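These are the residues of each chain, in order.
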Amino acid sequence: MPAVQETIEQVRKIDVDQYKYGFESIIEVDKAPKGLSEDIIRFISAKKNEPDWMLEWRLGAYRRWLTLDEPTWARVDYPKIDFQDLYYYAAPKSQSGPKSLDEVDPEILKVYEKLGIPLKEQEILAGVQKAPAGGEEDDSAANDNVYKSGRVAVDAVFDSVSVVTTFKDELAKAGVIFCSISEAIREHPELVQKYLGTVVPTSDNFYATLNSAVFTDGSFVFVPKGVRCPMELSTYFRINEKNTGQFERTLIIAEEGAYVSYLEGCTAPQRDENQLHAAVVELIALDDAEIKYSTVQNWYPGDAQGKGGVYNFVTKRGDCRGDRSKISWTQVETGSAITWKYPSCILRGDDSQGNFYSIAVSNGYQQVDSGTKMIHLGKNTKSRIISKGIAAGFSQNTYRGQVSAHRKATNARNFTNCDSLLIGNNCGAHTVPYIEAKNATAKFEHEATTSKISEDQKFYVMQRGIPEEEAIALIVNGFVKDVIQELPMEFAVEAQKLIGISLEGSVG
Amino acid sequence: MLEIKNLHARIASTGTEIIRGLNLTVEAGEVAAIMGPNGSGKSTLSYVLAGRDDYEVTEGDVLYNGQSILEMDPAERAAAGIFLAFQYPMEIPGVATMEFLKVALNAQRKARGEEPLKIPEFLKHVKEAAGSLEMDVAMLKRPLNVGFSGGEKKRAEILQMKLLQPQFCVLDETDSGLDIDALKIVADGVNALRAPDRAFLVITHYQRLLEHIVPDTVHVLYRGQVIKSGGKELAHELEANGYAGIIEEAA
Numbered sequence: 000m001p002a003v004q005e006t007i008e009q010v011r012k013i014d015v016d017q018y019k020y021g022f023e024s025i026i027e028v029d030k031a032p033k034g035l036s037e038d039i040i041r042f043i044s045a046k047k048n049e050p051d052w053m054l055e056w057r058l059g060a061y062r063r064w065l066t067l068d069e070p071t072w073a074r075v076d077y078p079k080i081d082f083q084d085l086y087y088y089a090a091p092k093s094q095s096g097p098k099s100l101d102e103v104d105p106e107i108l109k110v111y112e113k114l115g116i117p118l119k120e121q122e123i124l125a126g127v128q129k130a131p132a133g134g135e136e137d138d139s140a141a142n143d144n145v146y147k148s149g150r151v152a153v154d155a156v157f158d159s160v161s162v163v164t165t166f167k168d169e170l171a172k173a174g175v176i177f178c179s180i181s182e183a184i185r186e187h188p189e190l191v192q193k194y195l196g197t198v199v200p201t202s203d204n205f206y207a208t209l210n211s212a213v214f215t216d217g218s219f220v221f222v223p224k225g226v227r228c229p230m231e232l233s234t235y236f237r238i239n240e241k242n243t244g245q246f247e248r249t250l251i252i253a254e255e256g257a258y259v260s261y262l263e264g265c266t267a268p269q270r271d272e273n274q275l276h277a278a279v280v281e282l283i284a285l286d287d288a289e290i291k292y293s294t295v296q297n298w299y300p301g302d303a304q305g306k307g308g309v310y311n312f313v314t315k316r317g318d319c320r321g322d323r324s325k326i327s328w329t330q331v332e333t334g335s336a337i338t339w340k341y342p343s344c345i346l347r348g349d350d351s352q353g354n355f356y357s358i359a360v361s362n363g364y365q366q367v368d369s370g371t372k373m374i375h376l377g378k379n380t381k382s383r384i385i386s387k388g389i390a391a392g393f394s395q396n397t398y399r400g401q402v403s404a405h406r407k408a409t410n411a412r413n414f415t416n417c418d419s420l421l422i423g424n425n426c427g428a429h430t431v432p433y434i435e436a437k438n439a440t441a442k443f444e445h446e447a448t449t450s451k452i453s454e455d456q457k458f459y460v461m462q463r464g465i466p467e468e469e470a471i472a473l474i475v476n477g478f479v480k481d482v483i484q485e486l487p488m489e490f491a492v493e494a495q496k497l498i499g500i501s502l503e504g505s506v507g
Numbered sequence: 000m001l002e003i004k005n006l007h008a009r010i011a012s013t014g015t016e017i018i019r020g021l022n023l024t025v026e027a028g029e030v031a032a033i034m035g036p037n038g039s040g041k042s043t044l045s046y047v048l049a050g051r052d053d054y055e056v057t058e059g060d061v062l063y064n065g066q067s068i069l070e071m072d073p074a075e076r077a078a079a080g081i082f083l084a085f086q087y088p089m090e091i092p093g094v095a096t097m098e099f100l101k102v103a104l105n106a107q108r109k110a111r112g113e114e115p116l117k118i119p120e121f122l123k124h125v126k127e128a129a130g131s132l133e134m135d136v137a138m139l140k141r142p143l144n145v146g147f148s149g150g151e152k153k154r155a156e157i158l159q160m161k162l163l164q165p166q167f168c169v170l171d172e173t174d175s176g177l178d179i180d181a182l183k184i185v186a187d188g189v190n191a192l193r194a195p196d197r198a199f200l201v202i203t204h205y206q207r208l209l210e211h212i213v214p215d216t217v218h219v220l221y222r223g224q225v226i227k228s229g230g231k232e233l234a235h236e237l238e239a240n241g242y243a244g245i246i247e248e249a250a
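Going line by line, the protein sequences match chains V and A.
In terms of numbering that gives the first Met the number 0, the first sequence opens at residue 0 and continues consecutively.
In terms of numbering that gives the first Met the number 0, the second sequence opens at residue 0 and continues consecutively.
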């Protein structure tokens, strides 16, 4: 298991403070004035050259938001957020008009380079050719397989705007649209209008409604009927500016029989102030379509005393609108001071299927309240929930999940497995399942365990010559294995490393 | 090879002293058996030798090849060649046995400044070792010790010992939970490892194991001290007469 070794080496490379993406970059930005009002929303909409319907949509959401209260039911504790003390729009100054890599501010490219995210398509290919021993030419036949080719199209979002999207032309040849949501609003308004807000309506919840009013960018993916997206798609989100909220909006549509796998990664600089992130992700799968959505979330978690860190209030929902459609959420959550996030599936189509695979790691003073909802509406719908929570330090880690079968959901099936692992004596793990079946033929299973890495286990592993940090990493990686194997291969190793890093210093 | 000098050790959390002035020397090539009634400190001795931090050494020393090991953590001791076959091997869910063996072996090699073993070479070693213990290689794909029977767990311990090639092996009640066939296989595995530069400390309740792993010396442990030492005939004497006579004699 080389990942374990790499985990250790990675940990060693990092300074006392384990967050390695905490650097700040000085980049000239164009900001809207602080605070939130209809004028600010008009400003954002104008900046993005949006059509009138979009502005009206935003304003409608804003008016709705003014009537809503912040939810308090989650097991998280934080000082009240002053929504007038935030910037709602920040864009790198040099960024205007159509974008190609050459036009991107070199400082921004440097940031992504530091993050290890390749934006240059050639570099990605070069990376692939390095892999086979002997360095033979890339066999084009191998490109049919995404995993073999290792090619990933990237959309990079910096503060409020998407700075670059790679492999666009090649994707276009397959009929796949992959671009920023701003661009989609301008270039493909009919698609956006048809689907935006149909899974997470503007009135959905406090943060989703706020997002609807002020979202600045995000990714848009459209895979037409019968097309299997030829490569992994991925978006990297980076919050750089101080006091800037990041509100991204992602919309993914897979038409009949289409398939797409999408990965999202996130980082932010290390700051004493808290940063707000309130995203909305909507997935729509029509008949026989499949969407896999993976997240590696590594927002700054705050320092060892719990100061700073990102507040992550995210609404993610997939709609299995068509029969036999399938949506899978896989998430590895290691960052954020507060995580409030429940990627869900509405199983509307008959025989549709929803999966949720999650690893939530919390350390220091992090607070995680995360889980999923599986709403069974159609006949013979199936869902599966595998959640692994790992709590260390002084953190609190809650799994909150809802599984429900509505009256017409004949033969609905759910299997839920929630395991929690505690490291040390000062952390907490909680499981809050809500299960509701209104159809007598529904079969729901729920399993939950809470365990501690025991001294016995650690001693046993160390007795075989495996040093302490590596022993913990080995045990934890074993614990999360069921979920790791659901991730695209390239990211599985990255995720294992990240988990190791996040737990550094968790054992004394 | 191993020299235990006036060792005193207690449970760190409660302060209860378990090892009370223990002296014992084990030479290279020797198989030493430790016997004693329940609660005499046999398992504690094995944990203290392996470096478990639930126990505190308050006095005395343990010299391994002339050097004190008390400041070393369990992984360092393992890399130096000390191996403990557990009475109750731990389950490690999600970690395939094969993977665990590789990580352990390479961690030890690294600590000694050696290159990691190449995969084909590693597999060859594993297959040989598993074969000699009549273990199915398919079993090695399962998570370590998870769902293993008592006998399988003990065999897996000996498999690890064979692969890691330690210098000083402590076997803590390896016979417990084994039927006679499994006992024979495990004992053969241990006997095959006997070598002039390797020593064993075999902890057991019963003479039964010593029929198969014939010791050079036998030591009776009582209340944290060695109260009597002798040759293999001492084990027979204990089997016949119990501990009472020896305890009385020592008192």
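Bear in mind the hints are in silico, worked out from the structure with no lab data behind them.
Fair warning: this is a prediction, and the values are worked out from it, not measured in the lab.
Even glycine gets a Cβ: it sits at the ideal position worked out from N, Cα and C.
A few of these clues could be false.
As the list claims (entries may be wrong) - Simulated DEER-style distance windows between Cβ atoms: (1) V:His445 x A:Thr57: 30 to 40 Å; (2) V:Tyr433 x A:Asp72: 39 to 49 Å; (3) V:His445 x A:Ala27: 31 to 41 Å.
What the hints assert, rightly or not - Some residues of chain V that are not near chain A, with every Cβ distance over 12 Å (derived): (4) Ala73; (5) Lys387; (6) Lys457.
(message) Which constraints among the numbered hints does this structure fail? Numbers only, ascending.
(response) 1, 3, 5, 6
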